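Could you build all of it, start to finish, from the sequences and the hints given here?
Number of protein chains: 2
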Amino acid sequence: MNAAILTIGQEILIGQIIDTNSAWIAQKLNEAGVNVQLITSIPDENSTIISVVNELLNKFNLVLVTGGLGPTSDDVTKLALCELFDCELTTHQPTLERIKNLFSSRGLPLTRLNEMQADVPDRCEVLDNPLGTAPGMWFKHGDSVLVSMPGVPFEMKSIMENHVIPRLLSQSTEIVIVHKTVHTFGLPESFLADKISEWESNLPKSISLAYLPSPNSIRLRLSSTGNNKELIHKVIYEQIEKLKAIIPDNIFGYDNDTMALVVANLLKNSNSTLALAESCTGGNISHLITSIPGSSAFFNGSVVAYSNKVKEEVLGVNAKLIEEHGAVSKQVVESMAVGVRKLMNSDYSIATSGIAGPTGGTQAKPVGTIWVAISSRNFTESKLFKFGNDRERNIIRSSISALNMLRLHLLSR
Amino acid sequence: MNAAILTIGQEILIGQIIDTNSAWIAQKLNEAGVNVQLITSIPDENSTIISVVNELLNKFNLVLVTGGLGPTSDDVTKLALCELFDCELTTHQPTLERIKNLFSSRGLPLTRLNEMQADVPDRCEVLDNPLGTAPGMWFKHGDSVLVSMPGVPFEMKSIMENHVIPRLLSQSTEIVIVHKTVHTFGLPESFLADKISEWESNLPKSISLAYLPSPNSIRLRLSSTGNNKELIHKVIYEQIEKLKAIIPDNIFGYDNDTMALVVANLLKNSNSTLALAESCTGGNISHLITSIPGSSAFFNGSVVAYSNKVKEEVLGVNAKLIEEHGAVSKQVVESMAVGVRKLMNSDYSIATSGIAGPTGGTQAKPVGTIWVAISSRNFTESKLFKFGNDRERNIIRSSISALNMLRLHLLSR
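If you read the sequences in order, they're chains G and S.
With my numbering applied, the first sequence corresponds to residues 560 to 972, in that order.
With my numbering applied, the second sequence corresponds to residues 560 to 972, in that order.
These aren't lab readings, by the way, just hints derived from the structure by calculation.
Since we're looking at a predicted model, the values are computed, not measured.
This list has only true hints and no planted wrong ones.
Identical copies look the same in the list; a pair holds intra-copy or inter-copy alike.
Here are the simulated lysine-lysine pairs, DSSO-like style, with alpha carbons at most 30 Å apart: (1) K868 to K827; (2) K945 to K716; (3) K587 to K801; (4) K793 to K803; (5) K754 to K793; (6) K793 to K587; (7) K924 to K827; (8) K659 to K945; (9) K868 to K901; (10) K739 to K637; (11) K716 to K637; (12) K764 to K637.
Given below as structure tokens:
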């Protein structure tokens, strides 16, 4: 089954919001064996919606549409679909009841705009949306299916998971697509490519390989299609085993793993606790860790020590060390790591101190100079990184490099 | 001038990465008076690239393409463009020299894959890329222009800012598009719509209005087109003044403002310092603040107090308070705020304590129960928020709500 994803909203075309819905939908469709061949975004214009939807329905078996179903006047998707499918709006009573209950339970008055959210084209099947006012709509059109959903991400996700994906799975053919992603860190793209070029050229013809670089990692994606899911998994697994032998330290995870999640699991499995002292990363490592559900089991906390006073008074860094070596130095970052580990009575700690930019650099320590330390009761180690000029990328790369240092240490014990 | 943006990469179609390039490009084009009518993503397939690019060149004056220019075998954009435009690859000597210098300055060996990055189709103009190995390429095709750029965001941005935008501005017509965005917080979408409905219906016909809801804010975008930029700005400005009179407390910023940036500016302007005690927000507020260049001028630091021990021992919260009222309570969050303000000797502080989820809720304090406090030398205030079940959204909404409390307090003095 071939699919297209269409997002509707002028805010996307002027670059005001990033379309995150399409990536999420694409991932879910792929997992369900649906091949996404096009993702496209158009403005909230009646005539554009009609012509593009029509064209997509002629080319694809499945067209998933998000956006333009809100209560305000700039939302025109429902009217455009009525015109395209030559049908009328009619009130969907169960949805109207749900909206009424939603508003009365919150003690809010019901406006006419809210009520109109229950009006749907009379030839669609309604897909219940318990999290919002606009329901999803399922249209059959010849051999193709069009689904219209609200653009609010959590409402769309609920409709996809509870209605669209189950319906697609019940109709699916035997062909499956398997993707397996290997996350690597520590080798630039062209070096990685050189190092694994022999492995790459010996890959079975049935497997395709893609390189996906980002500031967090370079990911290698192995993909294969067929009708025997177990067999495809086995063939991919064998190749990953060969890859592991070539770059054992660089592979840190698979598929939805993140560096923070991998470190979190290593800490949980060894019943160890973690504390952080962040200067240049400014709370980003804490945020990456605490975004993981259940992180309170191993994460005690952190000190974001932006000023030197906080480094001295909260973390106990000797003022002389800062005076002699500067806050961005091996001596200070190691003292920060030891200080926060003791302060928060933790088994492990990470500390960062560097110049994220855009200002604050000197000739000796230009923007992008970052020290990272890790510490445990009988071990403290630090490392100097030299990144570039971009503040945001420096924060991200410092955070991931710091977590990777702890990962390698935890694995080496 | 009408434009389309095309991103190439199988990783987008399987939802492995979110296409952030298109939003950035769309924003820059809009600012340059170019009307973006389509954003679309396709896989790295020779035949698809050729047919889609051809179709877009027939429909639009300007087609901007990113992706598929890397050194590895899955990158096929350059070859597809050669086939489409019927031309050959030739070595671009200045680019080859640059690549050689780049590698030797880093002490890295030059591989054949790296060298091949200097090969370009012989009928394009080369757009220099000082930040990477793949240069941009500018093709004229009848009345239309096609620009191919690498997909790595910071390389693409450099080529856009240094080459593409200046060239477009030098060719641009007199028609300008003006967008002005008003950021609001604290009113749900349908309530906001009701409250400003009279203002909305009295807007001049030349102005269009859009509602853009997100967990951070509901943004109102006013747009207008014409040939007198100053006049358009004036008309929009007058309407915003009227809007401010209706919802004065809810408007917190404009255009690229964020809640963190607005609070940062208020603190800087009053020469005040800030410290944070974060429990449920886990470092996210610190990260939002420290992502702002120059934040070290007013931000002393924070304590991410995930465990009760850290709340007691680092922030000085009385253990009895936690025992009697629980960590998620008015008493504890206020004590955290006072504690961190004193610890870091700051003028202001914010503290958060809540149940972000997915677990940890009770009947009395379900997931989504969040206490926020703000404190200054002679003032401490706290507020209870009741959000939903999603961990990520709870972290975001708590962070923005906390910053908004401080914003309103700073404005009221």
